[in-house]
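Asker: The lines below spell out each chain.
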Amino acid sequence: MEQDFNRVKPYGDTLGDGKTQLSFTLPLPASPEAKEAARRLAAKMGLEEVEVVYMNELGEGFSFFILYGKCPYSIDTTDIAVARVETKAMDFYQVNQFIKEKMSRKITVIGACTGSDAHTVGLDAILNMKGFAGEYGLERYPQINTINLGSQVPNEILIKEAVARRADALLVSQIVTQKEVHIQNLTELVELLEAENLRDRFLLVIGGPRISHELALELGFDAGFGPGTLPTEVAAYLAQTLYEKRN
Amino acid sequence: MEQDFNRVKPYGDTLGDGKTQLSFTLPLPASPEAKEAARRLAAKMGLEEVEVVYMNELGEGFSFFILYGKCPYSIDTTDIAVARVETKAMDFYQVNQFIKEKMSRKITVIGACTGSDAHTVGLDAILNMKGFAGEYGLERYPQINTINLGSQVPNEILIKEAVARRADALLVSQIVTQKEVHIQNLTELVELLEAENLRDRFLLVIGGPRISHELALELGFDAGFGPGTLPTEVAAYLAQTLYEKRN
Amino acid sequence: MSEKLKIDQARVNSCRNAAAQIATGLEDLLHEYTTTSIERTVVRLLGVDGVDQFDVPLANIVVEQIKEKGKLEQGIAYYLGNAALNKGLSLQEVAEGVARDELDLSELSEQPEDKVKDFIEKTALTKINEIAEIREKRFKRQQRLGLGKKPWLYVIVATGNIYEDVKQARAAAKQGADIIAVIRSTAQSLLDYVPYGATTEGFGGTYATQENFRIMREALDEVGDEIGRYIQLVNYCSGLCMPEIAAMGATEGLDMMLNDAIYGILFRDINMNRTFIDQHFSRMINAFAGVIINTGEDNYLTTADAIEAGHTVLASNFINEALAEQAGLMSWQMGLGHAFEIDPNLEDGFLLELAQAQLTRQLFPEANLKYMPPTKYMTANIFKGHLQDGLFNLAAIITGQDIQLLGMLTEAIHTPFLQDRALSIENAHYIFNNAAHFGQEITFNGDGIIQQRAEELLQQSEALLKDIAANGLMDSISRGIFAGISRDKNGGKGYQGVIKRSENYYNPFFRLLREGITSYGTRF
Amino acid sequence: MSEKLKIDQARVNSCRNAAAQIATGLEDLLHEYTTTSIERTVVRLLGVDGVDQFDVPLANIVVEQIKEKGKLEQGIAYYLGNAALNKGLSLQEVAEGVARDELDLSELSEQPEDKVKDFIEKTALTKINEIAEIREKRFKRQQRLGLGKKPWLYVIVATGNIYEDVKQARAAAKQGADIIAVIRSTAQSLLDYVPYGATTEGFGGTYATQENFRIMREALDEVGDEIGRYIQLVNYCSGLCMPEIAAMGATEGLDMMLNDAIYGILFRDINMNRTFIDQHFSRMINAFAGVIINTGEDNYLTTADAIEAGHTVLASNFINEALAEQAGLMSWQMGLGHAFEIDPNLEDGFLLELAQAQLTRQLFPEANLKYMPPTKYMTANIFKGHLQDGLFNLAAIITGQDIQLLGMLTEAIHTPFLQDRALSIENAHYIFNNAAHFGQEITFNGDGIIQQRAEELLQQSEALLKDIAANGLMDSISRGIFAGISRDKNGGKGYQGVIKRSENYYNPFFRLLREGITSYGTRF
Ligand code: B12
Ligand code: B12
Ligand SMILES: Cc1ncc(COP(=O)(O)O)c(C=O)c1O
Ligand SMILES: Cc1ncc(COP(=O)(O)O)c(C=O)c1O
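Residue numbers (the numbering used here), protein chains in the order written: chain A, 727 to 973; chain B, 727 to 973; chain C, 1051 to 1574; chain D, 1051 to 1574.
Bound conformation, chain A alone:
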């Protein structure tokens, strides 16, 4: 059987078998009834031939379950189009060359972990001299003027600094996502910029382990970078997009 991209299903060991693994805890002590409850829950999710393969009492009236079942649903993947950063790949030298040749001046970027987020490692990986995974960070780029405001920066301060330092791009890191706090922080930033009529002045870039380019666009940013992002990717994006924006 050949894969039909109009009908994509989970695959265990045979095309179309729909095999899916689940686990969750229920607030029930372990019992045949609890196991049945777990099975019914998976059945409500639409899974067929559900097997509750493991049940373990966790104490205090909770039990943990592992299940397998067949997912009857399929996805038409032919109509999925996820926006992605489209700029051309460039290395350290190419980026600097590009900025030097095409733009009249160095570009300035300002980065921060905003709100109560104090996770600077990801932002530093992109910005600091040292960089990440063997690649230099933006500070090392002679054509990029890099400002790193560090952690727990209120959105207001970030905007103030960006204006004062004439930044071309804002680089925001959001790592903590509990209770959707990153969405709040990011939405607030865009709203503040819009309120001050500054939205179009900057390229707005975000990053973090739960950030995608799609999410960034949804929230009104120009680009989003997820886990494993390398500094060159960001640099290449900034250079090319700022150049286009200029023209």
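If you're looking for bench data, these hints aren't it; they were derived computationally from the structure. Everything numeric in this text was worked out from a predicted model, so none of it was measured. Backbone N, C-alpha and C define an ideal beta-carbon position, used for all residues, glycine too. Take the hints with a grain of salt, since some may be wrong.
To be verified - Not close to chain A: a few residues of chain B, all C-beta gaps over 10 Å, as computed:
hint: 1; residue: 801
hint: 2; residue: 824
hint: 3; residue: 834
Claimed, not checked - If we take Cβ atoms under 7 Å as the criterion, some of the chain B residues that face chain C in the derived model are:
hint: 4; residue: 738
hint: 5; residue: 739
hint: 6; residue: 779
hint: 7; residue: 780
hint: 8; residue: 871
Fit chains B, C and D with the ligands to the supplied structure of chain A, relying on the hints for placement.
Answerer: Just chains B, C and D with the ligands now, with coordinates in the frame of chain A:
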């Protein structure tokens, strides 16, 4: 918030949060679109706030996904009643005492792994002298006459031997469940017995890692024993049920 | 345990000497300054509790009043005592009066100093005795129920809601956890006051409040009785209220406290003067209360590389040890921290982890070492993550660690679900039992990778300690010697709360604690 | 590798002597009997292929005809050759004639023996040369692409459909697998014929057919070229068609074969005479074809307890070695099997696993040891299972195993999903790399648990081997010495296929293989 057993949901770290973990493989190379397909699939299962936390290319156009989401469904557990073996717990001595006192004679049980199943360890755990988890097997019970036909026994042979040896109970083990072969084997056994008008002559007991008492009843057996069963549980059940059957 | 690594004892001595010198270098600071938080602690230890209508703790209100008058250099104790004698009120009533703006402590006529001090000393002694009693009750309970086998299984609860935390903690205890750490709401370390009462809304953790401490202690005592094992309770004695939390913990019978001499400076940008002064007093309280401190060296490796910066962890262990001794902590109270944070994709990375863990074990044989799990390199691939935690547990059982902060397979995703914690505990049980005596079974080859790495670590940390000793700890930190983070001596949060003591600075607890510490002996 | 365990060499010699004696005890049997399956193998090796309209292989039909006439004692080769010369037909045409019921081989007039033999010898030699060529091509490809680093990652595919198997195998190779074993449909070992053609419906595995071998070999060569690593292919040379499958494997360029001297007797109730005779001939083919055999001692521990019966595994390793030598296999071709099957809840179980694995390593330093994963004690708790597999991988890298059959986290649930296999490979990569030189780093203490267990194992297996040598292997098996299973000498499946050779029994392959084996040397 107190648990409402009419509305039981998965629990991550807050009552009612519905947190559920999923994993599956899709026949798609890793890409933002594949990730989105995974997300949509989980959404079709009804999960909310789905996060595809991990995607890994497996080669040959397949990728593996790990997801978390919130299950919006809940189960009314107050109306779940799962049948279970109800006989009183007895130890080795009590069982022998019981048979000796209450029944006029020893009881005879005949066990087998039927069909193509060659997994004898589970059956042996219940039947052999040595037993399981420090408990003696049925062979060791002076009041039980135990016959073990071993592996890959056709249903016809099992019935023939059971009749010939005047067995009181048939103990069937089914370990292999691929393509539901255990259901086929077990259904066939009941049908054969019924066809020969022998169904009521024997207590019909099954066991195996994917067997439950519920399933046993569904398939027309008298009892089913799942993973971790101890010989005494089976012995106690046999003694008491055969005694009741007699009366 | 036979010694697996050959260690150059001269080098070890040189490390300890340098660390002692570093600690001595701070003595003037510790003796000549107080802080708003120390004074608030005094207020609390003198029995003042509660908040005003705006939820501001009375301790803050009282101290703030005197500070605004520029008179805190004398210490709050005198003013409180003076007011009580003056007005014939209890100290609590005095504080309430201040909160209602009915009393200005600095304006009252001065009672004879010896009478005031006498009154204060008595009140203080009552509290000190109360803490001693709580400590002894706690030790007795530990003896009666027994503590789990080592390494102790330490897990976190982090729901943000104390009642949900309790459920998770009780379940964890039943699953086999020995230690419950209630993770603290993320912004709390920077609050210059301690929130009040039971709280149900925290952010990535639950506020450290005295009532929350009490609720959890009660729950753990209960579940401990049920399962017949004493369950230890941990919180954060860290941030701008470090000594206050020490006092709260002492009062509520906590067993351990995250309490580091440098952590707040580096990772919370708290002023270093403030931190050093606070940590000293908080450690004296912890010492007297029989609390094990957990130092935070693991944090270095979340920003710095574990191979490159392994020796900074070790150097910091020596410094934390010296500062702990300075404050009167006994060896068993030193939960010196280190971590399993080497890139899992490194060839022989496990060997290098063993080297650091074993070296730390041999250098601090009496300490209750706290071993931190992989975090930075954890992946959202929960299956791989569970394995990484397995090797971490194996390293712990091989090298004989004491306090094992269990890694969670979902570390890269979310704060632990109930099931995550249960799987972690199962992981530790499996490895600790199945390889129980593996450490005793093996010897490391004398010229192998492990031995060489250990030597390198010790050499590098000796050099670093000597350098710090020569420059002083504060200057060294401002040069970014730890975790690649540099902090200004006069920068950071809370510097305005550092106050030079006057000649007649009065704080009864320094003496009482010191005397108490030296008299109460070891735990069992 | 420095020797971690002290081993009493005298005891080892005594084990080997006993094993040699056991092997010698079988010689009469091996020289005086043939079997239907050996004769069918001869038919196949003489180039007869295909099935009749009822899917019965021509090899079966031809052998059956002569057997029914009671003439198989002479060997099939003569009859085939005689018919060909008689009729001027090719051997294939002869067989087809028999299948159409047009030819009775036993009734044809006898051609001069030397002419018949001459003809047969030539045909046989052609085949032998063909196999040698396939072997050399395979070795060259191995040299060109290189084999993976040891321990080799061995994974199974078990979909039942050869085309689905191919997908999974290709993906596994890309993920890092070195060896692909196509699991065989569950009932096949008891079939007294080999199914034909490509198959898509198997039960817990895919039928071993020559066409399936070819399809998978081609796929693995292709993917091997893509990724620049040679991927080895394994199947089951086991059951009632053992030697035929050896011939098929030799022809299709398989690299390894599950091929055990005793497994079928115990676990498939195949008659022991039949098995011993078949295994000998099949091993000669494997030897000549440069195939590594994998013995099945791991299976003992699925029924017997791994602590109690550990020494039976070791004893069987010695016997399999002796029988392999007897058939001409070189040391590197001996994939002696052992397994990680101790109850994971046992304290220090990991140490006992290390003892057996290290002992096996030291006793068979030249063999390509095959290490089998935990199966019996795997749980449907896939997280715990993944950890068990992790310790298994750690034991392998510490003790320097060669062929690592990767455990699957879903072992207790289902045959592997694509993702399960990928996680297993990742598990092995992580542990093998992160603890790469751990084995070289450590020494086991001379009086420790590991050393003691190793000594106990060796002592027990010496005693067992001596006992078996004294009683003969067949009698010992009938006394239930392995896996607690006893089998009757004359019972079990396939006994009717054992035939006493006549004086003039003729089978050209014994000589050709033996000569070929001694001349082709080692692999590289
Ligand atoms: C290190 C760490 C810490 C350190 C942070 C030190 C520091 N200076 O950063 C310390 C110990 C201080 C810490 C504290 C806390 N942490 Co923390 N921490 C982590 C940890 C272990 C690693 C994060 C990390 O450094 N990853 C490595 C970097 C390189 O990856 P990255 O951030 O994804 O960055 C890459 C991309 O995302 C991208 N990127 C990131 N930012 C940006 C920005 C731009 C512009 C671009 C283009 C790209 C980009 O590029 C980077 C390189 O590829 C994670 C768990 C984990 N393994 O992920 C938890 C984790 C993030 N922490 C967590 C929590 C809850 C906390 C606390 C709230 C706990 C508490 N109550 O005390 C506190 C609060 C801190 C705060 N106020 O924010 C949770 C968050 C849960 C959630 N999803 O919301 C996690 C997931 C742990 C857990 N399972 O509970 N933490
Ligand atoms: C040991 C084993 C074997 C041994 C069996 C040896 C023997 N003599 O039994 C060997 C190596 C021969 C083997 C072969 C195969 N096996 Co197998 N095997 C296992 C293994 C590792 C352990 C099973 C076991 O012994 N469990 C221990 C016993 C004590 O537990 P238990 O069976 O659950 O029994 C308990 C209860 O269920 C209950 N019980 C069981 N029976 C009965 C009966 C009665 C009457 C009562 C009251 C109670 C009772 O009481 C017992 C004690 O508590 C499992 C994986 C696993 N870890 O589960 C795979 C497994 C069962 N095998 C599997 C497969 C596919 C096969 C093969 C088909 C592979 C192949 N293609 O060659 C063959 C075919 C064999 C055949 N024809 O059946 C699959 C089955 C998949 C599925 N769900 O269908 C499994 C799950 C492995 C896998 N992941 O692929 N196997
Ligand atoms: C000593 C110490 N205090 C505090 C914390 C963290 O919490 P906070 O948010 O209070 O800084 C840590 C974290 O690891 C620590 O090690
Ligand atoms: C040598 C050997 N042959 C065969 C098998 C299994 O398959 P079968 O169903 O062919 O007996 C095994 C299983 O482990 C084995 O070790």
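Asker: Now tell me, hint by hint, if it's right for this structure.
Answerer: For each hint, the structure was consulted:
1. 801: At roughly 5 Å from the nearest Cβ of chain A, residue 801 of chain B sits no farther out than 10 Å, so the non-interface label is violated.
2. 824: holds, 25 Å
3. 834: Residue 834 of chain B clear of chain A: closest Cβ-Cβ about 30 Å, beyond 10 Å.
4. 738: Hint on residue 738 of chain B: holds, closest Cβ of chain C at ~4 Å, below 7 Å.
5. 739: At about 5 Å, which falls below the 7 Å cut-off, the nearest Cβ of chain C leaves the hint on residue 739 of chain B intact, so it holds.
6. 779: It holds, given that the least Cβ distance between residue 779 of chain B and chain C is near 4 Å, below 7 Å.
7. 780: holds, 4 Å
8. 871: Violated: closest Cβ of chain C sits about 41 Å from residue 871 of chain B, beyond 7 Å.
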